[in-house]
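Protein chains: 2
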Amino acid sequence: MQNFEYYVRTKIIFGKDTESKAGGEAAQYAQRILLHHSGGHAVKSGLIDRVKTSLKNAGVEWVELDGVQPNPRLSLVYKGIDIVKKEKLGFILAVGGGSVIDSAKAISVGAVNEGDVWDFFERKKTVPQSMPIGAVVTIPAAGSESSNSCVITDERGPWKRGINYECIRPAFAILNPELSYSLPPYQTACGIADMMAHIMERYFTREPHVELTDELCEGALRAIIRNARAIFSGGEKNYDARAEIMWAGALAHNNLLGTGRIGDWGSHQIGHEVSALFDTTHGAVLSILFPAWIQYNIKEDTPRLARFAEKVWGVDGAFYDPEQAAKEGVFRMKHFFRSIGLPVSFAEAKIDAAKIPEMAKRAVKFGPVGNYRKLDEKDIAAIYRIAAE
Amino acid sequence: MQNFEYYVRTKIIFGKDTESKAGGEAAQYAQRILLHHSGGHAVKSGLIDRVKTSLKNAGVEWVELDGVQPNPRLSLVYKGIDIVKKEKLGFILAVGGGSVIDSAKAISVGAVNEGDVWDFFERKKTVPQSMPIGAVVTIPAAGSESSNSCVITDERGPWKRGINYECIRPAFAILNPELSYSLPPYQTACGIADMMAHIMERYFTREPHVELTDELCEGALRAIIRNARAIFSGGEKNYDARAEIMWAGALAHNNLLGTGRIGDWGSHQIGHEVSALFDTTHGAVLSILFPAWIQYNIKEDTPRLARFAEKVWGVDGAFYDPEQAAKEGVFRMKHFFRSIGLPVSFAEAKIDAAKIPEMAKRAVKFGPVGNYRKLDEKDIAAIYRIAAE
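Line order of the protein sequences matches chains A and B.
Each residue of the first sequence is one higher than the one before, counting from 115 in the working numbering.
Each residue of the second sequence is one higher than the one before, counting from 115 in the working numbering.
No lab work stands behind these hints, which were simulated from the structure alone.
Incorrect hints may appear among the rest.
Put simply, identical chains are the same to the list, so a pair is met inside one copy or across any two.
What the hints assert, rightly or not - Calculated pairs, DSS-like style, for lysine-lysine (alpha carbon to alpha carbon, straight line, at most 27 angstroms):
1) Lys475 <-> Lys488
2) Lys441 <-> Lys425
3) Lys492 <-> Lys479
It should be emphasised that the depicted structure is a prediction, and the values quoted were computed from it without experimental measurement.
This is chain A alone, in the form it adopts within the complex (with noise of 0.2 angstroms):
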């Protein structure tokens, strides 16, 4: 096991009618505010009138700043940057999923630092300090309301690049697990694979003897799994099954499942390429490459691979012939993800595989991506193959 320091920060306020906490909260933090959100569902629903009217009983004031849109763009962070400066903001709340969590999160960086934000991202320098932010998380997925990560993307490139810092991690996060009935489901989905994605980067790791975090990743994958199984056979109002999912989703990114180990990454890595091309939501990314990863590696791997496969997918017979058992992992992982909806080929997804190349040439920018296994640009390219199959 691996040395390690866990400081988790975020206060988590879990359940019905939560978010009329809002108000209370980000009063600890300054009397004004930028509320941060995408301008869609969150305001159609009448969750950002409830927000509003927990800020305004809580003597807080606001400036609005919306129109965060999937895979959050670098304008309306600079946007963003602009209003808190010139408003004299000391306090972000961002109101909605991963998008705009992040977005929030860019723009704390960007408010308390000189220069271009952007810079931060392209590792050209690091980040000392940030304004606080809170969260009332309604898409489970990203779990950016209680993790240290933010991935924006520049449309000029297009790249999409990450930051990780302690800074940034959320002062409080508010999950009302209600919040996430009216998901169309697709957007359900792309979040359970997003959730589910980073407790497996979390869970491959060449680092032996981390027995309490495996049994923790493996169990949270099977919770996961049940749960999403009931909410897509009529359980889209289950409020167990719906909280579930919610706390899953950020306990798989606040990095207790990564205590003691080293993670992978490198399905997230060659996953932004492809969203970074074809804009594909970042969960359905996933559903496609992290079988084609597993794929990849289980003859480099196969009992560890087989273990998966068993604990978590339920597949028999390991003992006797661990490659055919990993194999069957893959297949039921891939027919778990189709049964709720998502791909499982860039084909499923029309994402160009002409487009394969290219998109293994950018993963590389910065050099091989991964720890589990460092995947060069012929891995990659490999990979991205399997996908397309």
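Please build the complex by placing chain B on the supplied structure of chain A, with the hints as guidance.
Then chain B, alone, in the frame of chain A:
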């Protein structure tokens, strides 16, 4: 699933040689601190000297108070409060196991609040604030290093009473698994029973639909059981096994595993009366009473106890004869505790069964105990009698 708040702001610093960071962490809170420990093994092993070097290097001065015993005493807490007030100290660093950390927590409450600190434990008033504390953990057991609870014994009774407040959660906890190499086997075993009990108290809930935390609880218990066996089969200095146990001990009691559910805590309550009268180590009381408590509940909630037997103890056949499976779970649990040198009956721990009526009466001083099943005086006596068999 119940609504919940989850806010564990303890910074975990985990791994080899991490005690060297104690000074730097403490310096963030005060320049003059109370250094609190038992005066026993932590001194002989050289740990206290290493911690002092770290404090010196960080420019932190300390006043020392040693002498903490298992089932930490109120008299020493009073002494600590006097010292902190007289010397105007601003932080307490506990170096030791749960007893030392709990003693430090009680001092931290008494140091900044008027009146007799025992009144808080007797529930005459609530704790409004406390002084920040930190911990260097030597015994993986109580999980006090990142918990909000504190148990103290007033030797004038004797009464053993606990409090739970967010403010007493340590600001940081340093966990170096190597520090547990030299623990006597009995103490290692008692710690293992204690952390397992912390998980089981949360696991046994009447709250339906808490699958994610069910999975996390079961996985953590399996990891503890496997690594306990590794330590007790010649792995006293197996770093990885010690590390799994130490991290599990902290996670067992920071309430991650209790989110969304209402735990039982009856076994802890009825165990406190045994410790109070016989000064039996907390972990040994639990290895005796938890199997007895489960046995008492088999007819009350057979499906849950059959599941526990299957998922945690690997018992087959729960579908066909769940009651028998549940019984076999208790059998395996007792065998496991015996295999690591713990008592599983009153006789083995020299607890006089003649005191059962008195202990049962004392246990209900504040009314029935337990949430999974409310235990009155008659129930408690029945569980004690099972333990006396």
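Going down the list of hints, with the structure as the test:
Taking the shortest Cα distances, Lys475 and Lys488 sit within 27 angstroms of each other inside one copy (15 angstroms), while across copies they are farther apart (64 angstroms). With identical chains, the CA atoms of Lys441 and Lys425 are at most 27 angstroms apart both within one copy (14 angstroms) and between copies (26 angstroms). For the identical chains of this complex, Lys492 and Lys479 are intra-copy neighbours only, at 13 angstroms inside a copy versus 71 angstroms across copies, given an alpha-carbon limit of 27 angstroms.
The earlier numbered hints are all upheld by this structure, with none contradicted.
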